[in-house]
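Q: Read off the chains here:
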Amino acid sequence: GAGVSQSPSNKVTEKGKDVELRCDPISGHTALYWYRQRLGQGLEFLIYFQGNSAPDKSGLPSDRFSAERTGESVSTLTIQRTQQEDSAVYLCASSITSGGTDTQYFGPGTRLTVL
Amino acid sequence: AQSVSQHNHHVILSEAASLELGCNYSYGGTVNLFWYVQYPGQHLQLLLKYFSGDPLVKGIKGFEAEFIKSKFSFNLRKPSVQWSDTAEYFCAVKTNAGKSTFGDGTTLTVKP
Numbered sequence: 006g007a008g009v010s011q012s013p014s015n016k017v018t019e020k021g022k023d024v025e026l027r028c029d030p031i032s033g034h035t036a037l038y039w040y041r042q043r044l045g046q047g048l049e050f051l052i053y054f055q056g057n058s059a060p061d062k063s064g065l066p067s068d069r070f071s072a073e074r075t076g077e078s079v080s081t082l083t084i085q086r087t088q089q090e091d092s093a094v095y096l097c098a099s100s101i102t103s104g105g106t107d108t109q110y111f112g113p114g115t116r117l118t119v120l
Numbered sequence: 148a149q150s151v152s153q154h155n156h157h158v159i160l161s162e163a164a165s166l167e168l169g170c171n172y173s174y175g176g177t178v179n180l181f182w183y184v185q186y187p188g189q190h191l192q193l194l195l196k197y198f199s200g201d202p203l204v205k206g207i208k209g210f211e212a213e214f215i216k217s218k219f220s221f222n223l224r225k226p227s228v229q230w231s232d233t234a235e236y237f238c239a240v241k242t243n244a245g246k247s248t249f250g251d252g253t254t255l256t257v258k259p
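Chains as they are written, first to last, in the numbering used here: chain H, 6 to 120; chain Y, 148 to 259.
Same shape as in the complex, but just chain H (with noise of 0.2 Å):
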């Protein structure tokens, strides 16, 4: 596709319940990444993956938080029994690669919010 797309745009959900978030990357990009911004704050890095791996999950919140990516595409962000204070917006972006010049490009973000 043209960019990086999201879905879905906006979730409600009641704590306890588990969400997935799903992130389509620009084709032919192999690095992804996830990032929470929480209102007023800035992006805070939660994993990236080149290929289908993921060299880097550090930062994860927690181990409700888990990530995967298949057929170096679509990624999903699966997180368990939300919490209130999963409430945030979470951006996904790709690169062509993990490489430390490349531009990231991101999509339009998923927000979540946990009654």
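Because the hints were derived from the structure by calculation, they are not lab data.
A hint or two may mislead.
Derived CB-CB ranges, DEER-like [claimed, not checked]:
#  : chain 1 : residue 1 : chain 2 : residue 2 : range
1  : H       : G33       : Y       : K218      : 35 to 43 Å
2  : H       : V17       : Y       : T177      : 38 to 46 Å
3  : Y       : S227      : H       : T75       : 42 to 50 Å
4  : Y       : A148      : H       : T118      : 25 to 33 Å
5  : H       : R86       : Y       : E167      : 20 to 28 Å
6  : H       : D68       : Y       : Y174      : 23 to 31 Å
7  : Y       : Q189      : H       : E90       : 24 to 32 Å
8  : H       : P13       : Y       : Q189      : 15 to 23 Å
9  : Y       : S161      : H       : G56       : 24 to 32 Å
10 : H       : K20       : Y       : H154      : 30 to 38 Å
11 : Y       : I215      : H       : G76       : 42 to 50 Å
12 : Y       : H157      : H       : E90       : 19 to 27 Å
13 : Y       : D201      : H       : T75       : 37 to 45 Å
Pulled from the structure, derived: some chain H residues nowhere near chain Y, Cβ distances all over 12 Å [stated by the list, open to error]:
#  : residue
14 : V9
15 : S12
16 : N15
17 : T18
18 : D23
19 : V24
20 : E25
21 : Q46
22 : S67
23 : D68
24 : T75
25 : G76
26 : V79
27 : Q85
28 : S92
29 : S103
Which residues of chain H face chain Y? A partial, calculated answer using Cβ under 7 Å [what the hints assert, rightly or not]:
#  : residue
30 : A7
31 : G47
32 : L48
33 : F50
34 : G105
35 : T106
36 : T108
37 : F111
Ideal Cβ positions, reconstructed from N, Cα and C, are used throughout, including at glycine.
Starting from the known structure of chain H, arrange chain Y on it as the hints suggest.
A: Below, chain Y alone, put in the same frame as chain H:
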């Protein structure tokens, strides 16, 4: 661990005023530096980046940034802002290990 500090959380300027947004980073190795911008209702997008060569880099819409290695800084500048520059600006650092670290962002409001 790397970190990024943006000194100003909210800047308010009148049109034609000059702009400088501060960005300092903490990392001892080679870094690649970025400024991203998010206009109201739009995605984050690249404004400019530095990875080698001339430390003064020019980006879109008349923005520039200067990398001063001794000060661990990468400040963003524009000589004369326009109302359309109203946006949130993020400084980011990326090492060659793939992970990016972003600052908390600076919201710029330009009054017409």
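Q: So, for every hint listed, does it hold in this structure?
A: Going through the hints against the structure:
One distance hint, 35 to 43 Å for the beta-carbon pair G33(H) and K218(Y), holds here, with the actual separation near 38 Å. Between V17(H) and T177(Y) the beta carbons are some 43 Å apart, a value that agrees with the proposed interval 38 to 46 Å. The hinted window of 42 to 50 Å between S227(Y) and T75(H) holds, with their beta carbons roughly 48 Å apart. With their beta carbons about 30 Å apart, A148(Y) and T118(H) fall inside the hinted range of 25 to 33 Å.
About 45 Å separates the C-beta atoms of R86(H) and E167(Y), a value inconsistent with the hinted range of 20 to 28 Å. A beta carbon spacing of about 28 Å between D68(H) and Y174(Y) agrees with the range 23 to 31 Å that was offered as a hint. At roughly 27 Å, the beta carbons of Q189(Y) and E90(H) sit within the given window of 24 to 32 Å. Separated by about 19 Å at the C-beta atoms, P13(H) and Q189(Y) satisfy the suggested range of 15 to 23 Å.
Checking the proposed 24 to 32 Å range against S161(Y) and G56(H) shows it is violated: the Cβ atoms sit about 49 Å from each other. The given range of 30 to 38 Å is respected by K20(H) and H154(Y), whose C-beta atoms sit roughly 36 Å from each other. I215(Y) and G76(H) have their C-beta atoms about 43 Å apart, which keeps the hinted 42 to 50 Å range intact. At about 24 Å, the CB distance of H157(Y) to E90(H) agrees with the hint of 19 to 27 Å.
The supplied range of 37 to 45 Å is met by D201(Y) and T75(H), whose beta-carbon atoms lie about 41 Å from each other. The beta carbon of V9(H) is not kept farther than 12 Å from every beta carbon of chain Y, the shortest such distance being approximately 8 Å. Consistency note on S12(H): stated as away from chain Y, and its beta-carbon is indeed over 12 Å from all of that chain's, at 14 Å minimum. Every CB of chain Y lies more than 12 Å from the CB of N15(H), the least distance being 14 Å, so the non-interface label holds.
Residue-level check passed: T18(H) sits 24 Å from the nearest beta carbon of chain Y, beyond 12 Å. Non-interface status of D23(H) relative to chain Y is upheld: no Cβ of that chain comes within 12 Å, the nearest being about 26 Å off. With 12 Å as the threshold on Cβ separation, the claim that V24(H) sits away from chain Y holds: the shortest Cβ distance comes to roughly 21 Å. For E25(H), the non-interface assignment is confirmed: its Cβ lies about 21 Å from the closest Cβ of chain Y, beyond the 12 Å cut-off.
For Q46(H), the non-interface assignment is contradicted: its Cβ lies about 6 Å from the closest Cβ of chain Y, within the 12 Å cut-off. With a least beta-carbon separation of about 19 Å from chain Y, S67(H) lies farther than 12 Å from that chain, consistent with its non-interface assignment. With a closest Cβ-Cβ approach of about 20 Å to chain Y, D68(H) is found to remain outside the 12 Å limit, as its non-interface label requires. Here T75(H) stays apart from chain Y, with its beta-carbon at least about 19 Å from theirs, past the 12 Å limit.
For G76(H), the requirement that its beta carbon stay farther than 12 Å from each beta carbon of chain Y is met, with the minimum near 20 Å. At roughly 18 Å, the least C-beta separation between V79(H) and chain Y is larger than 12 Å, which holds for a residue marked as non-interface. Against chain Y, the non-interface label of Q85(H) holds: every CB pair exceeds 12 Å, the least being about 24 Å. The Cβ of S92(H) lies farther than 12 Å from every Cβ of chain Y, with a closest approach of about 18 Å, so its non-interface assignment holds.
Its beta-carbon lying about 4 Å from the closest one in chain Y, S103(H) breaks the requirement of being farther than 12 Å from that chain. Annotation: interface hint on A7(H) violated; nearest CB of chain Y at approximately 12 Å, more than 7 Å. Given the 7 Å rule on beta carbons, the hint for G47(H) holds: about 4 Å separates it from the nearest Cβ of chain Y. Annotation: L48(H) was flagged as interfacial toward chain Y, and the flag holds, the nearest CB pair being 4 Å apart, inside 7 Å.
At its closest, the beta carbon of F50(H) sits 6 Å from a beta carbon of chain Y; the interface hint therefore holds under the 7 Å criterion. At its closest, the beta carbon of G105(H) sits 4 Å from a beta carbon of chain Y; the interface hint therefore holds under the 7 Å criterion. Against a cut-off of 7 Å between C-beta atoms, the interface hint on T106(H) holds, since the closest Cβ of chain Y lies about 4 Å away. Below 7 Å, beta-carbon pairs count as interface contacts, and T108(H) has one with chain Y at about 5 Å; its hint therefore holds.
For F111(H), the interface hint holds, since its Cβ comes within 7 Å of a Cβ in chain Y; the closest pair sits about 4 Å apart.
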